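Here is what each chain is made of, one letter per residue.
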Amino acid sequence: MNRSASPSNVLQWPGTADIVMTINSDEDIVAARARGRALAGVLGFPPKDRVLIAAAISELARNIRDYAGRGVISMGAARARSTRGIGVIARDNGPGIGNVDLALTDGFSTSGGLGLGLPGVRRVVDDFEIESRAGAGTAVRVRKWLKADAS
Amino acid sequence: MSEIVPAPDLPSHTLTSEYLAPMRADTGVVGETALRHAYDLGRAALAQHQSLLDIVVMHHEALEQALTCEACRVERTRTLRAGGELLSELLSPFAMAQGAFLEANAALRSANDLLEHEAQRVARLLHDSAGQMVFAVQLALASLDRDLPEDLRPRLGEVSQLMSLLDHQLRQHAHELYPVMLEDLGLAAALGDFIENIRRGAGLNVVFRCTLDRRLPRELESPFYRAVQQAFANILKHAHATEVTVTIGIVRGVVACSIVDNGIGFAARPDGHAGPGLGLVGIRERMKAINGTVRVTSTPGHGTKIMLGAPLPGRKETSGVKRHSGRRPRARTAGAPKPARS
Numbered sequence: 001m002n003r004s005a006s007p008s009n010v011l012q013w014p015g016t017a018d019i020v021m022t023i024n025s026d027e028d029i030v031a032a033r034a035r036g037r038a039l040a041g042v043l044g045f046p047p048k049d050r051v052l053i054a055a056a057i058s059e060l061a062r063n064i065r066d067y068a069g070r071g072v073i074s075m076g077a078a079r080a081r082s083t084r085g086i087g088v089i090a091r092d093n094g095p096g097i098g099n100v101d102l103a104l105t106d107g108f109s110t111s112g113g114l115g116l117g118l119p120g121v122r123r124v125v126d127d128f129e130i131e132s133r134a135g136a137g138t139a140v141r142v143r144k145w146l147k148a149d150a151s
Numbered sequence: 152m153s154e155i156v157p158a159p160d161l162p163s164h165t166l167t168s169e170y171l172a173p174m175r176a177d178t179g180v181v182g183e184t185a186l187r188h189a190y191d192l193g194r195a196a197l198a199q200h201q202s203l204l205d206i207v208v209m210h211h212e213a214l215e216q217a218l219t220c221e222a223c224r225v226e227r228t229r230t231l232r233a234g235g236e237l238l239s240e241l242l243s244p245f246a247m248a249q250g251a252f253l254e255a256n257a258a259l260r261s262a263n264d265l266l267e268h269e270a271q272r273v274a275r276l277l278h279d280s281a282g283q284m285v286f287a288v289q290l291a292l293a294s295l296d297r298d299l300p301e302d303l304r305p306r307l308g309e310v311s312q313l314m315s316l317l318d319h320q321l322r323q324h325a326h327e328l329y330p331v332m333l334e335d336l337g338l339a340a341a342l343g344d345f346i347e348n349i350r351r352g353a354g355l356n357v358v359f360r361c362t363l364d365r366r367l368p369r370e371l372e373s374p375f376y377r378a379v380q381q382a383f384a385n386i387l388k389h390a391h392a393t394e395v396t397v398t399i400g401i402v403r404g405v406v407a408c409s410i411v412d413n414g415i416g417f418a419a420r421p422d423g424h425a426g427p428g429l430g431l432v433g434i435r436e437r438m439k440a441i442n443g444t445v446r447v448t449s450t451p452g453h454g455t456k457i458m459l460g461a462p463l464p465g466r467k468e469t470s471g472v473k474r475h476s477g478r479r480p481r482a483r484t485a486g487a488p489k490p491a492r493s
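Which chain is which? The protein sequence lines are A and B, in order.
Per the numbering used here, residue 1 is the first one in the first sequence, and the count goes up by one each step.
Per the numbering used here, residue 152 is the first one in the second sequence, and the count goes up by one each step.
None of these hints come from the bench; they were simulated from the model.
A hint or two may mislead.
To be verified - From chain B, some residues computed to sit far from chain A (all C-beta separations above 12 Å): (1) THR184; (2) ARG297; (3) VAL432.
To be verified - Cβ pair distances, simulated, as ranges: (4) B/ARG272 <-> A/THR22: 53 to 61 Å; (5) B/HIS268 <-> A/ARG81: 52 to 60 Å; (6) B/MET458 <-> A/ALA77: 52 to 60 Å; (7) A/ASP66 <-> B/LEU336: 55 to 63 Å; (8) B/LEU259 <-> A/PRO95: 30 to 38 Å.
Being a predicted model, the structure only gives us computed values, none of them experimental.
Think of the CB as a built atom: it goes at the ideal place given N, C-alpha and C, for glycine as much as any other residue.
Model the full structure from these sequences, guided by the hints.
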């Protein structure tokens with residue numbers, strides 16, 4: 001809810017810091033996708049969701065690379081009372097997003113209105129949070145839960 | 152991997168050796184680099200407005216090509232599995248974008264509602280406020296007429312005539328924006344008036360059969376009126392019809408309306424337009440918004456028949472499908488996580 005909170009408290013999201021990966025190059029994006037895909041498999045996500053999780057990580061990483069140059073993607077198991085899933089946090093210390101609402105609107109994102117980028121990520125996950133402050137970087141946190149019949 | 156070249160009949164920017172290679176490779180698994188490449192390929196295809204079918208054809212040809220190599224023929228299962236993994240990656244950007252289309256559709260619909268509402272408001276203003284002002288001026292002119300010397304009266308008559316013209320034009324504009332009659336007297340009267348205008352204005356022979364014996368709920372009147380209006384716009388523009396029959400009534404709790412013309416039908420249009428075009432899209436959208444249906448039958452040379460149907464509200468839903476206004480994104484649900492939907 002809080003869009004201007006300091007990115008430093010981002011890792012307090014329970015269980016989302018098991019794997020921390022630096023995003024600085026194309027190879028790093030590939031590595032982050034691979035780790036995310038593998039983690040999703042271990043957590044019991046079906047093949048379709050594993051593809052979508054890799055897609056979400058791709059878009060988050062692309063966002064870091066395009067706007068901040070470098071950043072960190074961390075991921076881990078997420079737990080809630082009645083369900084479990086995967087949590088992914090993308091964090092950078094780049095210029096930040098001046099208008100978060102605008103960034104989440106198709107057409108204002110890098111995807112050019114095609115429903116990719118951050119708006120695309122939001123659609124393939126269950127929980128989506130973004131914190132950004134101009135000049136202080138951006139943190140995007142997403143969670144995807146295992147569907148009842150798959151766990 | 153230098154021996155792998157793209158198939159000559161495919162544009163090299165779609166079928167790349169990088170996409171093909173993992174299907175031919177004799178390693179056990181498809182690496183993340185290849186999967187990511189497939190994802191980016193799909194992403195670029197989406198950005199370049201390539202059709203989904205082209206992508207699938209591209210994939211299939213790559214698969215076929217992969218299966219022709221000697222080693223893969225032995226390990227078909229592995230090649231097919233690699234192909235499946237790559238295809239999923241290739242198409243996942245489209246899956247991601249699909250939600251955007253649905254949201255855009257919902258947004259378009261609400262923008263349309265807003266426009267309709269605004270047109271209604273402006274039409275009211277023109278019809279009522281401006282119309283009343285003109286009427287007041289006409290009254291003032293009439294009283295002035297009595298006090299004016301004889302020789303000035305013809306000039307006042309001219310002014311009065313211009314005021315009548317203005318009044319007429321205001322009403323006309325208001326009516327074009329939104330038929331105030333629709334709101335005041337209902338669909339049957341408004342359609343009757345609209346069709347009378349078509350008869351006179353376009354020289355079309357229109358039969359209007361209306362069996363509505365009461366007013367429809369407000370939310371149904373405007374979509375039906377606009378749909379008939381749109382149907383006539385299509386007919387006048389494309390159909391080359393001489394006769395049109397419009398029927399409207401209530402059949403077993405459903406408002407049913409048909410517009411039948413004796414024109415040239417869809418396939419025969421000289422502009423090469425094969426389908427019913429945007430006009431029909433508008434009709435479908437209006438009917439969709441009130442849980443209605445549109446059926447169109449058209450035979451080249453034998454005219455077009457449009458059938459519209461929408462259930463009266465309050466009627467028990469037998470068809471089962473309940474319409475929601477549109478999907479809301481679930482953004483920033485930071486608190487308690489929702490249990491997964493099954």
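Each hint tested on the structure:
Remark: the non-interface label on B/THR184 conflicts with the geometry, its nearest Cβ contact in chain A lying 5 Å away (cut-off 12 Å). With a least CB separation of 64 Å from chain A, B/ARG297 remains clear of the 12 Å interface cut-off, as annotated. Every C-beta of chain A lies more than 12 Å from that of B/VAL432, the closest at about 20 Å, which supports listing it as non-interface. Evaluation of the 53 to 61 Å hint for B/ARG272 and A/THR22 yields a pass: the beta carbon distance comes to about 56 Å.
Against the hinted window of 52 to 60 Å, the Cβ-Cβ separation of B/HIS268 and A/ARG81 comes to about 44 Å, which falls outside the hint. Checked against the hint of 52 to 60 Å, the pair B/MET458 and A/ALA77 passes, with Cβ atoms roughly 55 Å apart. The hinted window of 55 to 63 Å between A/ASP66 and B/LEU336 holds, with their beta carbons roughly 59 Å apart. Separation of B/LEU259 from A/PRO95 is about 33 Å and conforms to the stated range, judged on CB atoms against 30 to 38 Å.
Violated hints, listed in ascending order, are 1 and 5; each of the other numbered hints is respected by the structure.
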